[in-house]
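Chains as they are written, first to last, in my numbering: chain V, 222 to 337; chain D, 20 to 134.
Honestly, the hints are just simulated from the structure, not real lab data. Only a predicted model underlies this, so the values are computations on that prediction, with no experimental measurement involved. Check each hint, because a few of them may be wrong.
Claimed, not checked - Heads up, simulated DSBU-like pairs for lysine-lysine below, C-alpha to C-alpha not over 30 angstroms straight-line:
(1) V:K278 with D:K87
(2) D:K61 with D:K90
(3) D:K61 with V:K274
(4) V:K232 with V:K291
(5) V:K278 with D:K75
Stated by the list, open to error - Residues from chain V that keep clear of chain D, each with C-beta distances beyond 10 angstroms, as calculated:
(6) G224
(7) P229
(8) H250
(9) S301
(10) T303
(11) L322
(12) Q330
By construction, the Cβ of each residue, glycine as well, lies at the ideal position given by its N, Cα and C atoms.
Here are the chains, one letter per residue:
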Amino acid sequence: DAGITQSPRHKVTETGTPVTLRCHQTENHRYMYWYRQDPGHGLRLIHYSYGVKDTDKGEVSDGYSVSRSKTEDFLLTLESATSSQTSVYFCAISESTIRGLGTEAFFGQGTRLTVV
Amino acid sequence: GESVGLHLPTLSVQEGDNSIINCAYSNSASDYFIWYKQESGKGPQFIIDIRSNMDKRQGQRVTVLLNKTVKHLSLQIAATQPGDSAVYFCAENGSSGGGADGLTFGKGTHLIIQP
Numbered sequence: 222d223a224g225i226t227q228s229p230r231h232k233v234t235e236t237g238t239p240v241t242l243r244c245h246q247t248e249n250h251r252y253m254y255w256y257r258q259d260p261g262h263g264l265r266l267i268h269y270s271y272g273v274k275d276t277d278k279g280e281v282s283d284g285y286s287v288s289r290s291k292t293e294d295f296l297l298t299l300e301s302a303t304s305s306q307t308s309v310y311f312c313a314i315s316e317s318t319i320r321g322l323g324t325e326a327f328f329g330q331g332t333r334l335t336v337v
Numbered sequence: 020g021e022s023v024g025l026h027l028p029t030l031s032v033q034e035g036d037n038s039i040i041n042c043a044y045s046n047s048a049s050d051y052f053i054w055y056k057q058e059s060g061k062g063p064q065f066i067i068d069i070r071s072n073m074d075k076r077q078g079q080r081v082t083v084l085l086n087k088t089v090k091h092l093s094l095q096i097a098a099t100q101p102g103d104s105a106v107y108f109c110a111e112n113g114s115s116g117g118g119a120d121g122l123t124f125g126k127g128t129h130l131i132i133q134p
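One chain only, chain V, in its complex shape (with noise of 0.2 angstroms):
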């Protein structure tokens, strides 16, 4: 599996409690990403990464935030959840720019996070 953790791989919360994720990965890749996967919607990037301290947003970034401080590490931080963040998230990395030089990226299992 290319080398990617995710932890924890199944989580149950309650509404208005802070959740972390975290993508570890041992291949040396530069960037790093955060998808969530609802049913109808296939896979939807939330934040991704493209060096240690340097991140950006994605398509659904409300409600979420993100850190970097490693390369192999990227944690995805839901302040307070909520019932809509009830889904499965996967990380992804990628070695270079997948939008400027077209580059595969490689998944982790998943994290499937139920809020309740």
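Here the structure of chain V is known, so what remains is to put chain D in place on it, guided by the hints.
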């Protein structure tokens, strides 16, 4: 990605037949396209990619066709096997808005193999 409604399209084929999965992409600036396969409970796995300077690319039992004129992408799977049962996504490198990096995905097609 695929211009479909809220329900995931399904394609049912007989084992041994060829499968063709279609995708209409949205961004005319996209110049790189990927097909992913996703099995239940797993992350998307790369199948094959194609750049906009090509019309066709072949892999092992799979072929991707690109028609830039009508912004259409297709995945052909030869001699479909039970292990091909999965959801298939097309993805493009043009953003859906805002200029973000990363891939923009279609909604997916569920391929079911009948014995």
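Now the hints, each set against the structure:
With a C-alpha separation of about 28 angstroms, the suggested pairing of V:K278 with D:K87 holds against the 30 angstroms cut-off. At roughly 29 angstroms between alpha-carbon atoms, D:K61 and D:K90 fall within 30 angstroms of each other, so this suggested pair holds. For the proposed pair D:K61 and V:K274, the alpha carbon gap of about 29 angstroms is at most 30 angstroms, so the pair holds. Between V:K232 and V:K291 the CA atoms are separated by roughly 24 angstroms; this keeps the pair inside 30 angstroms, and the hint holds.
Between V:K278 and D:K75 the alpha-carbon distance is near 33 angstroms, which puts this suggested pair outside the 30 angstroms criterion. The Cβ of V:G224 sits about 13 angstroms from the closest Cβ of chain D, beyond the 10 angstroms cut-off, so the non-interface label holds. Distance check on V:P229: its Cβ is at least 15 angstroms (rounded) from any Cβ of chain D, clearing the 10 angstroms threshold; non-interface status holds. Every CB of chain D is more than 10 angstroms from the CB of V:H250 (nearest about 13 angstroms), matching its label as outside the interface.
Every Cβ of chain D is farther than 10 angstroms from the Cβ of V:S301; the closest lies at roughly 24 angstroms, confirming the non-interface assignment. For V:T303, the non-interface assignment is confirmed: its Cβ lies about 21 angstroms from the closest Cβ of chain D, beyond the 10 angstroms cut-off. With a cut of 10 angstroms on Cβ distances, V:L322 falls inside the contact zone with chain D, its closest approach being about 8 angstroms. Listed as outside the interface, V:Q330 is inconsistent with that label: its C-beta sits roughly 5 angstroms from the nearest C-beta of chain D, within the 10 angstroms cut-off.
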